Each structure stands twice: as C-alpha cells, then as structure tokens.
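Student: Read off the chains here:
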Amino acid sequence: MKILVCISKTPDTTAKIAFTDGAKKFDESGVQWIINPYDEWYALVRAIELKEKDPANIIHLITVGGADAEPIIRKALALGGDEAIRINTDSADSFSIAAQIAAVANTEKYDLIFTGKETIDYNGASIGGMLAALIDAPYIPLATSFNIEGTTATITREIEGGEEVVTVNNPVVVSCQKGVAEQRIPNMRGIMAARTKPLKVVEPAAVAALTSIESFELPAPKAGVKLISPDNVEELVRLLHEEAKAI
Amino acid sequence: MVLVYIDHQDNQIKKSTLEAVSYGAALAKQLGTDVHGLLLGAVNDDLATLGAYELKNVYQINDAVLAHFDAQVFVKTIAAAATKVGATTIVFSHNQTGKALCAGVSALLKAGLVTGAIALPNTSAGFVVKKSVFSGKAFANVSIQTAVKIIAISPNSYKVVGGASAAATTTPLDITVTAGHVKITAVHKTSGEISLTEADIVVSGGRGLKGPENWGILLDLAKELGAATACSRPVGDAHWRPHHEHVGQTGVQVAPNLYIAIGISGAIQHLAGVNRSKTIVVINKDPEAPFFKAADYGIVGDAFEVLPKLTDAIKKMKASA
Ligand SMILES: Cc1cc2nc3c(=O)[nH]c(=O)nc-3n(C[C@H](O)[C@H](O)[C@H](O)COP(=O)(O)OP(=O)(O)OC[C@H]3O[C@@H](n4cnc5c(N)ncnc54)[C@H](O)[C@@H]3O)c2cc1C
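Chains as they are written, first to last, in my numbering: chain A, 1 to 247; chain B, 1001 to 1321.
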C-alpha cells in the first residue's frame, strides 16, 4: 500500500501572534516552527503504525513550501516515513496547496492520503476535501479511528452529537484528529535515519490561488475581570442574568 | 443568487442551518439579490417555515442515493446544482457536515472559499470575508477573487434572525446523482447531550477537579443551565472525560454565549479554543491563574464548595423568575 501524509509547518502553539507590514503579514520574528500537531500526532503516527504492521507499506510525506520548510519535513521523517516530497513554492491559499498536492497524487496513485483535520494557523480545514475532489476520491473528514483490512478501510468519523462508522475501499482521503493515534516522541535512531532519507524537491504546477489575505486583526482586549466573593455566588448569578444577559 | 446549503440530521433542520440561512438572507440583501436554499434528501420539517428566515425558495434534490451521507457524492451534486441554478455565492455552516463539503465544492467549481467566517463580507470594494485564524487568537480579512464565492460560517457566530411572515416555496431540482463508495455501518449518538459547537452555554472542567469521580457537581450545574460540557486537554488525555469534549487549540473550538471554566489554569492553547465566547466565567482557587486575565467574571475559590452553591443559586433564580 502507498500512503501519502500531508505535512504543514505552523508556528508553535505558544508563539506570540503579531503582525507586520501594516498588519498584512504574520510577524515571524522569534517564532519557533513545528509540524502542525494534527498532521504529526494523528496522520503521520497512524501511517507509521500501518507500516509497522506491514513493512511492505510505503509512506511518502509531502509539503508545499520553500526551503525553510525542510527542517520541518526532516523532523517528520525522524518520526517515520520512507521519503519526502517538497513542492517548491510558497503556499498561497488552500486551493493552490491542494492543487499542487493533487498534481503529485495523480501520478503517484496513493492508496491512502492522510491530512490533519486543520492547521492551527489558518484553520482552513480544507486541504483534504479539495484534494479528494480534485483526484475524485472518497473523503472522510474528522476521523477519530482508522483501520484497514486488505483494501477496505473502516473509519470512525465525528458527526454532530456523535460518531459514525463507515467502510470504504481505497483510494480514500482521510482528515485525522484525536483518537486516530497517540503522539510519539522522535528518538535518536529516527533522527539519524532521517538525515539519509530521500527528500525530493519538485517544481510547482501552474496553479492560481482563488483567495488572498488582505489584512489581519487582533481581538479587542478584555475590559478586565470582575471578581465575586465565593460566599456571594448569588451576585454572580445576578450579574450573568442582568448584566451579561447570558442566563 | 445566494444559495444556502440546508444541513439536516435525523430528518431535522439544524440550528446551524438557520444561522447560515439568516446569514445568506442578510448577504442577499446586501448584494441586492435573492436567497435560495439547497436541500439534498428530505426532512420532516415543513420547508415553508424557512420563509421566516427570509428564504425565498428551497431547491430540493430528493434522490434515494442521498439518504446516506457520502461527501464525494454530495460535493458533486451540490456543485452541479449550484451551476444549474446560477448561484454566485454559496453559504455553508462550518459544522461537521460543512467541513466535509465546502472544500470539495470549492475545488470542483474553482470558487474561492473562506471557512470559519464570523461576519458578513465587506463588499464596498471587492469581496472580503473576516475569519478567525490562529485558533481564535486573531482574525484575517480574506479577499475572494473568483466570480463564484463560497463562505462557510463558524457555528454560533451569526445570530438567527426569524420572524418574517413569508413562506418559502419548494422547487424540485433534477440532477443526476451517482452512487458513491462509502457505506455507513453504525452511528453512535452521545444520547441526550447538547452538541458542544452549537451550545449557548458550555460548562468546562480541568485538572482542578482532581478525578472523573468528581464530575457530578459539574454535570449538575450543566444540567441546571441546559449547557453542554467540555474539558481541558489533560482531562481528555487521562480519559476522565470523552475525547470529543476536549476544547482548545488542538481540540474543539467553541464560541458560546457563556463559557464557565472550572479548575482550568487557562494555558494559551486552551484559551485559543474558547476566547471567542461572549462571556467567560472562571472559577479557580489560584488567584494567579492566567485564565482570570481572559475572564469577564471570576470567583477565586474551591470548585468543590463553589459549584454546589452556584447550582443552588441558579435554581433559586429560575424559581423566582
Ligand atoms: C502543542 C500543545 C497543544 C495543546 N492543546 C491544548 C488544547 O487544545 N486544550 C487544552 O486544554 N490544553 C492544551 N494543551 C495543554 C495546555 O498547555 C495545558 O497543559 C492544559 O490546558 C492544562 O489543563 P488544566 O488547566 O486542566 O490543568 P492545570 O494546568 O493543571 O490546571 C488546573 C487548575 O485547576 C486549579 N485548581 C486546582 N484545584 C482546584 C479546586 N479545588 N478548585 C478550583 N480550582 C482548582 C489550579 O489552580 C489550576 O489553575 C496543549 C499543549 C501543547 C504543548
């Protein structure tokens, strides 16, 4: 089986969110970069588990980005995977990223494609759905478990107020979240092995973005907390009812 | 034309759909055009009542294949329908169903998409939609450059505006639907629970509650308020509460009217998922807990003493109201 895992580079969860260039650009100064947690903890780890079960499985990692994305893709390779592909272009919008990956997927013919459920920076939650439509494959979003026997995958996915179990024959595109796998820490052997794994750089297909970010804004700061004595919870109830009109 | 996707579950139209319809109606007014709905399958609700939210008409594709959800099939059907009726803007709720559909439709129609939108677009020059980014820590204004546009609005971010006295018409739409590859083999409903992303009030507990055996006082409060329950990541990781209750940057992002955080320190990753809540109440025994900086109201105190008193006080208020 050939598995593709989509990897995105995102700011660390504790990174200071600030903007430059007249609020047009994310301020990258001092920012630590990580693998998008959903891609790493769930999508990638589940792919690695499938390979541990059947070493004949082949895992490709793919990212769309400039050379600055390479440390992230090496970090992912340290966890597992056979080889990585970097499509050499700055990511413009979800559609252009999905279309770039689709161009590779159309020739490589993967059996499984895993993405994280969303990235923690732009929260688009769109790459998997777009990619599936572009390669005309079934799409199972928000998966909370993934198993496969032969060519039939059994997947649990989140629906409103519960979960649904589905079966589908591969190829299939799956967006992964909590439950699919457990986070792993890379070990020294993995880090050493990652240095020699192939990282292929491919030139981008001709794709135009459909959207662009005009500007960013930060939320207005809170007015400050009103403290209420623990012996006077009636006052909190009154404020929530009369002032906040929340209950 | 603005076309709103009518999402439904168990043959009922969802609250998030009414938000999307209200949004679509306001957008149509702003653009000087009409608003229609698109329903795949069938519902028990009377579609005419959607007129109350100023929806003019519902296009319905009632093919047997659509009785079971399959994103690939639905995406193709919606794209074909949108083209056939001449939709220029398509509106989804960015709920679980919307997340399964809007991106695929965008790719097939090459229509620019903004997900997680929180306000009507600015159309004074171009078409610019405000969305939440960095898991609620900031907003981005995104310009859509294509002729057909798709907006998926964040649940709980647009108010349902009902009360119009018109009735919506229903028009059957003839679209060829081909069967897909996905078979649904089981559905597990977390019965009786209020959906976290749609809830008006969320009561959330952290490690400060010490163990799963102590959740009773939190559930009592939630029940009294008709609230959904949530938790911090370590609580979900330790299986004190089910996974799907975990809110934050790497969990569910919520934006209720009222978020009550109990025994949660307020780590940056937790705040990221809840800071779009309208009112935040924090109950924590540590006056230095970072969550107080993000709160509107706070009680510095022991949750085990405060919660039962709070539940009582709410009971009393309701009784006297
Ligand atoms: C990459 C990454 C992603 C993450 N994503 C998330 C996420 O999505 N969501 C999330 O929640 N966390 C997330 N975290 C974890 C986060 O950093 C915090 O560790 C976590 O939120 C802390 O949970 P907590 O507040 O329940 O526990 P603690 O930090 O242990 O806080 C417990 C609180 O309870 C209070 N307390 C104790 N006893 C009582 C009592 N009797 N009465 C009242 N108060 C009491 C304490 O004063 C303390 O403030 C993430 C971390 C990382 C590194």
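FYI, nobody ran anything at the bench for these hints, they're computed from the structure.
Predicted, not measured: the structure shown is a model, and the values here were computed from it.
Any given hint might turn out to be false.
Claimed, not checked - In the DSS-like style, the derived pairs of lysine-lysine whose C-alpha atoms are separated by at most 27 Å in a straight line are: (1) B/1285 x A/222; (2) A/226 x B/1084; (3) A/226 x B/1110; (4) A/226 x B/1309; (5) A/16 x A/109; (6) B/1110 x A/25; (7) B/1183 x B/1223; (8) A/226 x B/1183; (9) B/1309 x B/1223; (10) A/51 x B/1183; (11) A/16 x B/1293; (12) A/245 x B/1159; (13) B/1029 x B/1110; (14) A/245 x A/75; (15) A/222 x B/1183; (16) A/200 x A/16; (17) A/245 x B/1293; (18) B/1015 x A/245; (19) B/1056 x A/2; (20) A/109 x B/1183; (21) A/16 x B/1278; (22) B/1056 x A/245; (23) A/226 x B/1315; (24) A/16 x A/51; (25) B/1223 x B/1315; (26) A/226 x B/1029.
Stated by the list, open to error - Partial pick of chain A residues on the chain B-facing surface, computed with a CB cut under 7 Å: (27) 12; (28) 17; (29) 20; (30) 129; (31) 141; (32) 145; (33) 149; (34) 165; (35) 202; (36) 217; (37) 227; (38) 235.
Where a beta carbon is used, it is the ideal one built from N, C-alpha and C, also for glycine.
Student: Tell me, which hint numbers fail for this structure?
Tutor: 2, 3, 5, 7, 8, 14, 15, 16, 19, 22, 24, 26, 27, 29, 32, 33, 35, 38
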